[in-house]
Amino acid sequence: DAGVTQSPTHLIKTRGQQVTLRCSPKSGHDTVSWYQQALGQGPQFIFQYYEEEERQRGNFPDRFSGHQFPNYSSELNVNALLLGDSALYLCASSFTTANEQFFGPGTRLTVL
Amino acid sequence: DQQVKQNSPSLSVQEGRISILNCDYTNSMFDYFLWYKKYPAEGPTFLISISSIKDKNEDGRFTVFLNKSAKHLSLHIVPSQPGDSAVYFCAASIYSGGGADGLTFGKGTHLIIQP
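Protein sequence lines correspond, in order, to chains A and B.
Following the working numbering from start to finish, the first sequence increments by one per residue and tops out at 448.
Following the working numbering from start to finish, the second sequence increments by one per residue and tops out at 145.
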């Protein structure tokens, strides 16, 4: 049984560009959450998707947007990249009725 | 304002002894708490969790204790093994609207198991 997968593993972009990160949830999970982890910090909640809609959002600007597909996979889009967007982006999947979330390996984004 | 705090950035423990990792929270609405373990270049791995209606949950070498009045929880690892060396994150959530909300994490504690 495959766990949560994310692509790409690493990504280098320049300021002002746009980026799309992808996530496939653990088999059977219907909810996907995205987190940003800066160096030396804990993961920060960006938003959560359930039934193809944004269910909850953390304290992130509108430059961060997402999408969930009918097969429960998800994308995270970031527009107008800033140097401060450089971080590890983590995707987590869960059953919507459960508290436990299971994380993928993350995508390391570097903005130059 | 940090709602989940792990005040020890690092902790060094001898192999075979008990490791105790601490976590404090400020939001009384949190009703579920989780511990994750993270190795470099990997995503966090779920370890153990506890509901706010309990004060203890045990799974093998791992035990989590919750003191609601003090808004404090701790993770005990007995006995500590070299493979336990990792960063440990405390996280909290609120169950609302028919689903569990996004997790709020602490900054982590780097546990080092000395041989």
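Do not rely on the hints blindly, as some may be mistaken.
[What the hints assert, rightly or not] EDC-like, lysine to aspartate or glutamate: derived pairs with alpha carbons at most 20 Å apart:
| # | chain 1 | residue 1 | chain 2 | residue 2 |
| --- | --- | --- | --- | --- |
| 1 | B | 137 | B | 45 |
| 2 | B | 86 | A | 436 |
| 3 | B | 137 | A | 390 |
| 4 | B | 86 | B | 61 |
| 5 | B | 137 | A | 436 |
Hints listed in this document are in silico derivations from the structure and should not be mistaken for laboratory results.
Against the structure, the hints:
1. B/137 <-> B/45: violated (24 Å)
2. B/86 <-> A/436: holds (17 Å)
3. B/137 <-> A/390: violated (26 Å)
4. B/86 <-> B/61: Distance of about 14 Å is within 20 Å: holds.
5. B/137 <-> A/436: holds (19 Å)
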